[in-house]
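Undergrad: What follows is each chain in one-letter form.
Protein chains: 4
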Amino acid sequence: MVRSVEDYLESLKSMRPNIYFKGKLIRRDDKVLRPAVNLICRMFELANDPKYRDLLTVGGIDRLTHIPQSPEDLLKEQEMIRFYTHKTSICAIRCGGQDCMSALSIVTYDMDKELGTDYNSRFRRFLEEFQRRDLVIPITMTDVKGDRSLRPHQQSDKNVYLRIVETRSDGIVVSGVKHCITAAAQSEFLVVVPTRAMTEKDRDWAVSFAVPADAEGIKMIVSPVYPPQQRFLRCPYANYGFADSVVIFDNVFVPWDNVFLYKEHTYASQLARLVALYHRHGYTGCKPGLGDIIVGAAALAAEYNNVADRETVWRKIVEVVVVAELAYAAGIAAAVTSTKHRSGTQIPNEIYVNCSRYLSGINVFHEYQVLVDLAGGMAATLVSEEDIITPAQEVKDSIKTYLRRRDDIPIEHIHRLWRFIHDRTCTRFGGYWLAAAFHGGGSPIMEEMAIRRSYDFELRKKIVKELVGIV
Amino acid sequence: MVRSVEDYLESLKSMRPNIYFKGKLIRRDDKVLRPAVNLICRMFELANDPKYRDLLTVGGIDRLTHIPQSPEDLLKEQEMIRFYTHKTSICAIRCGGQDCMSALSIVTYDMDKELGTDYNSRFRRFLEEFQRRDLVIPITMTDVKGDRSLRPHQQSDKNVYLRIVETRSDGIVVSGVKHCITAAAQSEFLVVVPTRAMTEKDRDWAVSFAVPADAEGIKMIVSPVYPPQQRFLRCPYANYGFADSVVIFDNVFVPWDNVFLYKEHTYASQLARLVALYHRHGYTGCKPGLGDIIVGAAALAAEYNNVADRETVWRKIVEVVVVAELAYAAGIAAAVTSTKHRSGTQIPNEIYVNCSRYLSGINVFHEYQVLVDLAGGMAATLVSEEDIITPAQEVKDSIKTYLRRRDDIPIEHIHRLWRFIHDRTCTRFGGYWLAAAFHGGGSPIMEEMAIRRSYDFELRKKIVKELVGIV
Amino acid sequence: MVRSVEDYLESLKSMRPNIYFKGKLIRRDDKVLRPAVNLICRMFELANDPKYRDLLTVGGIDRLTHIPQSPEDLLKEQEMIRFYTHKTSICAIRCGGQDCMSALSIVTYDMDKELGTDYNSRFRRFLEEFQRRDLVIPITMTDVKGDRSLRPHQQSDKNVYLRIVETRSDGIVVSGVKHCITAAAQSEFLVVVPTRAMTEKDRDWAVSFAVPADAEGIKMIVSPVYPPQQRFLRCPYANYGFADSVVIFDNVFVPWDNVFLYKEHTYASQLARLVALYHRHGYTGCKPGLGDIIVGAAALAAEYNNVADRETVWRKIVEVVVVAELAYAAGIAAAVTSTKHRSGTQIPNEIYVNCSRYLSGINVFHEYQVLVDLAGGMAATLVSEEDIITPAQEVKDSIKTYLRRRDDIPIEHIHRLWRFIHDRTCTRFGGYWLAAAFHGGGSPIMEEMAIRRSYDFELRKKIVKELVGIV
Amino acid sequence: MVRSVEDYLESLKSMRPNIYFKGKLIRRDDKVLRPAVNLICRMFELANDPKYRDLLTVGGIDRLTHIPQSPEDLLKEQEMIRFYTHKTSICAIRCGGQDCMSALSIVTYDMDKELGTDYNSRFRRFLEEFQRRDLVIPITMTDVKGDRSLRPHQQSDKNVYLRIVETRSDGIVVSGVKHCITAAAQSEFLVVVPTRAMTEKDRDWAVSFAVPADAEGIKMIVSPVYPPQQRFLRCPYANYGFADSVVIFDNVFVPWDNVFLYKEHTYASQLARLVALYHRHGYTGCKPGLGDIIVGAAALAAEYNNVADRETVWRKIVEVVVVAELAYAAGIAAAVTSTKHRSGTQIPNEIYVNCSRYLSGINVFHEYQVLVDLAGGMAATLVSEEDIITPAQEVKDSIKTYLRRRDDIPIEHIHRLWRFIHDRTCTRFGGYWLAAAFHGGGSPIMEEMAIRRSYDFELRKKIVKELVGIV
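Chains as they are written, first to last, in the working numbering: chain A, 21 to 491; chain B, 21 to 491; chain C, 21 to 491; chain D, 21 to 491.
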C-alpha cells in the first residue's frame, strides 16, 4: 500500500532534530525545508491516485520501493520517472533509495554465494521494512574526498571518506563526512554506500549499511534550494525544491543487522558501480522529462513571440528534442536488452545506460542555452512580481506594453511563462539545476570511463581483422 | 528459399545491356561492376549459410524480401543489417527494395480503402514475385531536381522529375531522369517512388511503379566506386564496392499491373515519407555497423602504436562508441514502440528512427576525424603496395623501419590495417562513403524536418502550462 | 580630467527620483542599487589612479568618453575593457555610452553631408559635455518589441517601440517602452538609438536623442542583480553588480539641440548597426576578460583539488583559453584593419568584430560547463557562510573536513574560491551573467546575419571560378 | 632576384635519381611528379610577375626565402600564403623551408651565445645560398617513430628516429627514416630538424643539418597525390598536386659546415617548437585560404541550385567564414604582438598562433561536411567526364537534364563546379587534403599542449585571487 502524505509528515515531525542551517539547529518542518518536503508529498499524493496506479505502483507497493525483476519493470520505472518530472518540474527524487536497494540486492547475494556471509538475509529484512513503510531514502554515497589525488588511506584527515572506526560484538561504529546528499534532510533512513573502488589498504573505508537519518551521531548541514517564493503569483512549480546536505557521521553505531558490506574491499567497486548504474538508469527517465519541460517552455515562448515558424527557432527546439528522445530511447534499449541476475534482480544494459546519461550530461548546458536564446533578454531582466501585479500607479499601463507579445495571449500567461524561465535560468535554483543535471549520477567523464571499461572492443577489432585479412 | 549466387549472376548476364560507362555501353559482367556485384553475391552466400538462417531468413524466405509484421521483425532487420555491414565493410545494400515494398504495402492499402482503387492487389502480386525470386531491387527515388527553388510543374525542363507522359488503356508511359540510384546497375527490377510531396499541379509527377531494370527505354549511366584493387595484397574488404547510376526513363511503358500510384498526388508525400522512414530504420543497423568498423580500426591502430591507454586516445574512441550505440538503441526503441498498420505491416516509431539517423548523420565526419586523428599521417601518405611488398633492393630494409610499431605486431598486419584506413579515408571510395553516410536516407536537415512535423509539441506545452499555472 | 567618485555620487543624489522597485519609488542611493553604483565608482577610482593613466585616460579625459581616432585607440579600448573586467569581475559597464557616441559621430556626420542637416554640430556640443563632465550613459536601444513578427507600425500597441508622438517648434515629444537597459538606473543621461532598421512607414519610430535620465516623463522599473551579500565573508567581487531597467518614456520632451535623428528612417539601420558594431568591439575585451576569470577559477580549483595535471582537467581549461584568446585576437585584427571614417572616427573591421562576438556568444554556456565540471558538486551545494564561519559547536570540526583539499591550502581559501564559483553559477547573479554574456550586444544569430550581410562572398566565388576554369 | 621556372626545372633534371615509386627508381621529371612540380613552378611564375612584387618578394629576394624581421614581415607572409592558396587551390608549399630557416636563425644564435659554438655563422652561409639560389626546401622533421610509447634510445630499431651514427673530423654520418616529408621529391635540399624533445640518453638523435636532396645515401619512396587528370575538361586546379616521401638516410655524410645541431639535446625541443611555431604561423594564411575556397564553392553551389537565400544554407556557409576569419585574425594578432629575438628574427606570438591552428584543425572535417552537405549527392556520384562531354548518343539529351540547375547557369559551369567538389571530397586527393589539413603542422592535441605550456595561467589565478580576497 502506498503511504499517505500525512503519515510521511507525521514521521518527519517525530524525528530527532539533527539538521543545521545558517549555524542553527532546525526542525524538519522548518519552512526552508518546505519545498523539499512538498516534493515528496506530491509524489505520495500522485501514487495514491487510482488514475496512476498501474504506473506508480506494482503488486500493491509503491513502485519506488520495488526491485526490478523484468524488462517491463525497468521500462515502467523509466516512464514513472519521466512522469514525476513532468508533474513537479524536478524529478522523482526518491529513486535514489530504490537504486541503492537494487544494487545491494545483487552485491549482498553475490557476497553470500562467494564468501559464505549472510548479508542478503539482512538486506531482505531491511527491504521488507522499506517496502512496508514506503520509506524515503536518499543515496548516501559521495564522500567529501579531500585531496583528489590520494586514496582514502593516504589522506591526512581520515574522515574525508566514511570509515569504520570500531568493530564491536553488536555492530560497528563509523565516522566521516559525506556531502551532496540530495534529499537527506527530508528522508527517514540513510543507506550508505562507498563512492569509489577500494584497495586492500582502504578496507576500513569499504562499508555499507542502513541507519535512521536521525540516529545518534548523525548531523546534517542543509543547503535548501527552491524557486523564489512569490507573494501574489502562485505557480505550481514554485512549490517544489531540493535540499542537499553535508552528512556528518560522528561515531555512529550500526547494529550488524543493518550492515551490508564490512571491509570486503573488492566488492566496494561493484557496489559503487551498480548504484551508479541504477541511478543513471533513472536518468533515462528524468532527463528526457527535463527535456520535455525545456522544449515546452521554448515552444511556448516562440508561440507567444509569434516566431514559431522561423527556422532559426524551431531547429533549436528540435535539437533539444533529439537529445531527450535519444536519451529515452537508450533507456528503452537498456531495459529490452537487460539481464537477470541470479538474485532475480534485473540489470539494465550498462552500455546503453551510460551512453544515455553521457548524452544528457554533455548537452544540459546547451539545452539551457536554447531556452535562454529563445526566451530573449527579458527572462534575465524580468522585473519583480510586485512591479507587474501591484505596480505603482505611474507605470501601470506601461507594464502591459512591457509584457505584451501576440495580441491573443493574455499578459498574465506571458508573465507566468517568463517568470518560470527566469526562475529556471536566473536563480540559485536554476544554477543548482544545471549543475545537478550535469554532475548527478556521475559527470560525463564517469560515463566515458564506464563505457571504456565495459564495452566489447575486442569484438570490433575482430570485425576489422577479418575485413583486412589479419588472421 | 534464398537464392543462389549462381542464379543471381545468371540473371544479370541475361539482361539487356543498357548501362553506359565512360561514354560506352557495358555489360553487367563488366569488371568495373564486379565489386558492386560481389557485394550482392556475398549477401546471398551468407543468407544461404545455415549458421545465419535465423538472422538472415524468415519463414523460408530471405529476410531482405520480408515485410515486417511485428516488433521482432524490425529488431531482427536491424541486427541483420549491422551484421551485413560487418561482413562487407559496406552495408546491406539490398535493404532499399525491401523499404520501398514495406512503404507500398501501406500506401496501396490505404488508397484502396480510401479511394476504392485496387493498387494493393497489384502490389501483392509483385511482392509475391519479389519474395519468390529473391529479387535485387534498389530505391529509385531521387530525381535530378533542376532548380531547387521550383516545384516539378514549374521547371523549364519537365524531365528533372520523373513524370507520366502518356496514359494508355494497357498502362502508362513515363519519362524523366533520376540519379544517385545506388545499386541500380546490379539490380533486376526498379521500384520507382516520388522524391517529395506533390501539389495538385504536380499530379503528372505523382507516380509509383515497378519495372524491369532493362526495360525498353531505361538507360543508366553508372558511377562505380570501390577500394583500390591491389595486385599482391588481398584484403577481403577490397572485394566490395558501390555503383550509383543516373537512371534515364525515356518513354518507358509500364503495364497497369505494375502501377502503384497514378496521379493521386496527396499520397505522394505519404509514400515518400514512408520509404524514407523504412530506409532510415535500416540506418539504425548499418551506421552502428560502420561505427563498429571505425572503433575497431581506431582501437587496433592505438594498440599497434602502443598508446591505447592514453586518455587522449581512448576518449576519442569512446565518442564513436557513444554515437553508434545511441543510434542502435534508438532503433531498438523504434521497434519496441512500433505500431501495426491495418495492412498488417509494422511501422517503426518515426521519432526514434529520425533521431537515430540524425545523430548518425551529423557525426559521420567527426567519426572519420577520429580515425584520421588516431591513424596519424601515415594513412594519408602510405606508399604503394609495390614499395612495401616488392620494394627495390636498396630500400628493402628501411621499409620495415618505416612500418614497424610495437615489436610484437607483424609488419604485414600494420600494412593491412593502414592500407584499410588509407582506403577508407584517402580514396574515391572513402570520400563517397563519407558523403553517403551523410546524405543517404536523407541529410540531417530532412530528419529535423521530419521530427518537427511528427513530434507532439502540444503535449510538452501542456506540461509547462500546468507547471506555471496557465489554465 | 577624470571625474571623482564623490562628484558622481553627488550627481546621483541630486537627481529626481523616478525609479521603481517592487512597486515603490526608490532613490538612487537605495541599497538595492548599491552594487551597481559601486561598479561605476570603482571605475572612476581606477581611472584616477596615476598607475593606470595611460590605459584609462587619453588626452586628459576618461578613455571611456573618447571617440576612437586611430587603430591604437581601438587597441587601447579593448585592453582597458579587459582590465576593468579583471578588476570588477563584471565589465566596463560605461562602454555603452561611448559606443553610442562613436556611432552618432559617424551617422550625424553622414546625414549632414548627404541631407544638409546640422545634426553633427548638435552632437559635438553634447559630446563636449559628455567628455567634460565624464558622464555615465548607457545604451538605450532595445525596445520591448511586442509581436516579434510585426514591424513597429504594424503593432497594435504603438508604444512597444519608442516613437515620436509630437513635433514642436522647440523640440519633439516621444513615448514608448524600452527594456534590458543595463546601467540606466545609475546613469545621468540616456542616449536613445533605434533597435532595428525602419521602413518608410516606420518613420515615426526612427529617432535618436539624448535626455537626462531623470527628465520629466521618464520612469524606470529596475531589476538589480548582484552576488549574495555575506555578513562575515568579505569578497571584493561581491561589491559589484548590475541593474537593468525597463525605461518608460511617457510623453518626454526633447529639445532640438539634443535630437540626432528625426524620421530619417534610412539612417536608422546604419545607426543601429554602428552602435552594435562598437558595442561588439567592446566585447572583444570583456569576454576575454571573463574568460580569464573562468580560466583562473577553474585552474585554482584544479590546483586546490590537486588534479591540475590530469589531461581530463587541463584540456578543458585550454578550451576556455582558446575561446578567450581567439576572441581577443579578432579584436586586435579588427583594430589593425580598421578604417577611418571621413568624420575622423575610426571604424573597427566589421567581420572580425562579429566573428569575435559570435565565438564568445556560442561558447559562454560551454565555459560555464567547464567551470561547473571542474568545481564539482560542492559549488552547487555549498552550505551557508554561517555554517562555515560561525557553525554550531557540534559540527565545527567536520566543517574543516568538509572543505579541505590539498593540505597546504588554507580552508579559508577553499571557502572563498568555491563561494565565488557558487555565486557565479548558482545564483540569480550567475544566471543573469550567462544570459548577458549570450545576448549582450546581440545574440549569435545577429552576428551571423551581420557577417552574411558584410562579407565579400563574390571574391570567394571568383577565386573558385578561376580555379575551375569558369570564365 | 626570384628564380625562373626554367632554372628550377633544369636543377631538378640535373639531380641524381634517388626516388622510388611502385618499386622502381624514377626521375624527377617523371609524370607522376608533374603536378607536384607544377605547383612549385606556378609559384615561381607568380613571384616573377611584377604585379605581385610587393607581396611575393622582399628586398629583391623571394619572400619565401626571407627571415622575418618585423611584424610587417609576418603580416605579409600570412597574406602571401593565403594568396598562393587561392591561386593553386593547395598552399604555399615552399613555406616549410623558410620555417626551418627562421627557427634555425634563432636556435643557432642562442647556442653560440650560450655554448660558445659557431653554428650561427654556418647557418648564415647556408641562408645566403638559400636566398641567392631561391632553393626549394621542405620541412624534414617527422620521424617514423616506431613504438609511440618509447623514446628514441628505447626503440629496438634505432633507425625509427634519425640519428648520428658516426662522428668524423670532417663531419658526421647519419642514418634513419623520416616520413610524411611533403615536397621532398621536388626539392633540392633537405633541412633536417628533430621531431621532439630529447633527453640526455637521446643525444645521438639530437641533430640538425642541411644536405642536398640527392646526396649519397639519401633515398626516397614517393607517394604522389593529385586530382584526377581529365582528358577533355581542363581545370586549372587539376594541374597541382602533392608528393610526400618516406626519406631514408642510409649512412649519409654531412660536412661540419652544414651541421646546425650536434647532440646538444636540450636545444632539440626549442628547435622543434620553433619550427612548429613558424609552420603553424603559415597555417594562419593557408587555412583561411582553404576556407575561402570552401566558402566560394559552397556559395556557388547554393547559387546554381537557387537556394542561396535559405537560412539552412547561408548559416552553414557563415560557419566556415567564421572559422577562416578567426584563424586569420589570430595570425594578424600574432604578428602585431610578436617579439624580436636578439638575433633579429621576429617571433610570432605563440598563443595566438597555436589558437589559430587549433581552431583550423578541429574544424576541417566540419568544413568538408558543409561542402558535402550543400553540394548534395551529385558530388559523390558524378558520372565520368566522358559520359558528360562525349556521351553515347542515346543519353546525350538526358545528360543536360541530369546536370541542369538554374536556367541561366551554363551546363558546363555546373559540370566544372561539381567536378571540383567531387575531386575535393571524393578522391585520394580530397582525402589526403582532409588529413593534411588536420595533421599538418601538428594535430590539434599538439596545439593544446603548446598552449598549456606557454599560457600565463598564474596571471589568471592572480586575477581571481584578488577578486575573492585571497591574499
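Keep in mind that the hints are not guaranteed to be accurate.
Put simply, identical chains are the same to the list, so a pair is met inside one copy or across any two.
[What the hints assert, rightly or not] For lysine-lysine, the following PhoX-like pairs were computed, each having C-alpha atoms within a straight-line distance of at most 20 angstroms:
1) K481 <-> K336
2) K482 <-> K107
3) K96 <-> K107
4) K416 <-> K336
5) K420 <-> K44
6) K51 <-> K71
7) K221 <-> K133
8) K96 <-> K71
9) K360 <-> K482
10) K107 <-> K481
11) K51 <-> K33
12) K420 <-> K33
Keep in mind that the hints were calculated from the coordinates and are not lab data.
Undergrad: Confirm or reject each hint.
TA: Verification of the supplied hints:
| no. | hint | verdict |
| --- | --- | --- |
| 1 | K481 <-> K336 | between (37 angstroms within a copy, 16 angstroms between copies) |
| 2 | K482 <-> K107 | between (48 angstroms within a copy, 11 angstroms between copies) |
| 3 | K96 <-> K107 | within (16 angstroms within a copy, 37 angstroms between copies) |
| 4 | K416 <-> K336 | neither (35 angstroms within a copy, 45 angstroms between copies) |
| 5 | K420 <-> K44 | between (44 angstroms within a copy, 17 angstroms between copies) |
| 6 | K51 <-> K71 | neither (31 angstroms within a copy, 51 angstroms between copies) |
| 7 | K221 <-> K133 | neither (24 angstroms within a copy, 54 angstroms between copies) |
| 8 | K96 <-> K71 | within (15 angstroms within a copy, 36 angstroms between copies) |
| 9 | K360 <-> K482 | neither (28 angstroms within a copy, 38 angstroms between copies) |
| 10 | K107 <-> K481 | between (46 angstroms within a copy, 13 angstroms between copies) |
| 11 | K51 <-> K33 | within (13 angstroms within a copy, 39 angstroms between copies) |
| 12 | K420 <-> K33 | neither (45 angstroms within a copy, 30 angstroms between copies) |
The structure is inconsistent with the numbered hints 4, 6, 7, 9, 12, although it conforms to all the rest.
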